[in-house]
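Work out the full structure: start from the sequences and follow the hints.
Residue numbers (our numbering): 77 to 598.
Bear in mind the hints are in silico, worked out from the structure with no lab data behind them.
None of the hints are false.
Here are the simulated DSS-like pairs of lysine-lysine, each with C-alpha atoms no more than 27 Å apart in a straight line:
1) Lys-582 / Lys-493
2) Lys-582 / Lys-459
3) Lys-493 / Lys-510
4) Lys-593 / Lys-244
5) Lys-244 / Lys-265
6) Lys-232 / Lys-253
7) Lys-116 / Lys-282
8) Lys-510 / Lys-593
9) Lys-434 / Lys-593
10) Lys-265 / Lys-253
11) Lys-265 / Lys-282
12) Lys-253 / Lys-593
13) Lys-582 / Lys-460
14) Lys-253 / Lys-541
15) Lys-541 / Lys-593
16) Lys-282 / Lys-244
17) Lys-265 / Lys-147
18) Lys-116 / Lys-253
19) Lys-541 / Lys-450
20) Lys-116 / Lys-232
21) Lys-265 / Lys-116
22) Lys-593 / Lys-460
23) Lys-510 / Lys-459
24) Lys-510 / Lys-450
25) Lys-450 / Lys-593
26) Lys-434 / Lys-582
27) Lys-459 / Lys-593
28) Lys-459 / Lys-541
29) Lys-460 / Lys-510
30) Lys-253 / Lys-282
31) Lys-282 / Lys-232
32) Lys-434 / Lys-493
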Amino acid sequence: MDSSQHLEIAFFDVETTVPARAGQGFSILEFGAILVCPRKLIELRSYSTLVQPSDLTAISAASVRCNGITKDAVANAPLFRDVAREVYNILHGLLIWSLNSHFWCKISMESRISSDSEQNPLCFGRIWAGHNIVRFDCVRIREAFAEIDLLAPEPKAVIDSLTLLTQKFGRRAGDMKMASLAAYFGLGKQIHRSLDDVRMNLEVLKYCATVLFLESSLPEIFPVNSWVSPSAITRSRSAGKDFQGGRNFNTSSSSSVPMFENHHIGSALNETLETRDLDQIDTTKPDPFNITELIHQMNVGTIKPDASTEGALPDSPKLSNTLVSEGCGSYSAFLEPEEISELSLSACFIPSSQRSQKIQILHNNVLLQLHCAKMTVRFGISKKFYDLAGRPRLSFVVDAPPGLCRVLDTCDCHTKKLSADSGSSSEWRPVIRKIGFLNSSTIRLQIPTVANGDIATYSTEIYHKDAFGDAQRLVFNRINVAELDSLFVPGTSVDAFFFLDTYDYKQFAGVRLVAEKLIVNS
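Structural data, given as structure tokens:
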């Protein structure tokens, strides 16, 4: 068999149910994929199918709102077991038809053939690509194969366009979701159906690569600040009134002048964006727009924001297997404290990028992410500490309600025990702090930052909700502590979506709470 076929890139996407209760998993409703030639970026083959979930009642109203797939639409669709061979074939690159059907169906997780064997045809794998697939789609595929006791396909490499474009293209399209990127380039509306979404994903990559090529080839004509998004809502001192203790929000409307956000290419492209004559370009260096080269450079993981706790602690990456769906509401997997059973909480070790182990906190064997509403700010933005790049490590303190304290105390106990059992001698810092003569329970929420070239801003999404309940996202041009001070003043009510990140650094260990999304209530 010609091994060159495995250089084909399998762009794929899954549409799933949206869990309606704690502990309920995702069920695949649709799978779609295209095979793409990496040298010509042309579609070689496509495949899509609806999938009937084992439990039709899992298709909730929220699920239908997300992708439009109803119970009736999948009532006569094949089960995942019935299409697993074709899914495996297009993702793995193995001509599964040549295998004896009985033999393949007997392959289970326990009898997996070692991937170290170069002679094993099951170990070829294709390159996988998609938007946010590391954190969502890849996880769903492995779960689906595990549920039917079959060997799951494994990629040769993974290109997650959410990670890749955020690092190399910058946050020019706001939240960098596929719908936002498509709108940025005028490619139409994302309809959240698998085959349409993967084709849109490929087109978005082509457009982004073209822009980057122009900017790096002609930096004097196309400076990096010239590409801006007119749809972004910005918040900047220079774009509107100064913040003199008041709350003046720069938002776009039909009657206002559009405000533009300046963006810089990520630091990974700084060298290629230097102003220089074209005939002086070093052709011995890798071409940053050769997708084959990018394949070898990509790591399976997610963006690594500067999420730090109070004090001089190391930067910590976002956990790579956060259960977030690109299509079905990025915050559907965040649980409220009342949805969490203490008996279902656990902690385990996972490999760390620092060649050591890191503790991960789980609920029902799924990464724990929390949502807590209407917490009161006790202390405003702290800016006492700075990272190695000179950026402030920002955080603030809120009063923790009893339900949240119950969950976090249990997480603390599990993590502290696992840390001690592993031989760590670091002093443990409890995640809940008692403050004042009333011994009030408080927690500290971190606001991580991300750098786009020379400009750094917040990776946390920040919204303002007015008295009528309408939330408006605030997009910041750069880090400006004074602006955050005017938002997170003591006594303000805040809704927070956050994850738990463990650390063990310089004889101190504990759990820090990193904000993914904050809503400031009027």
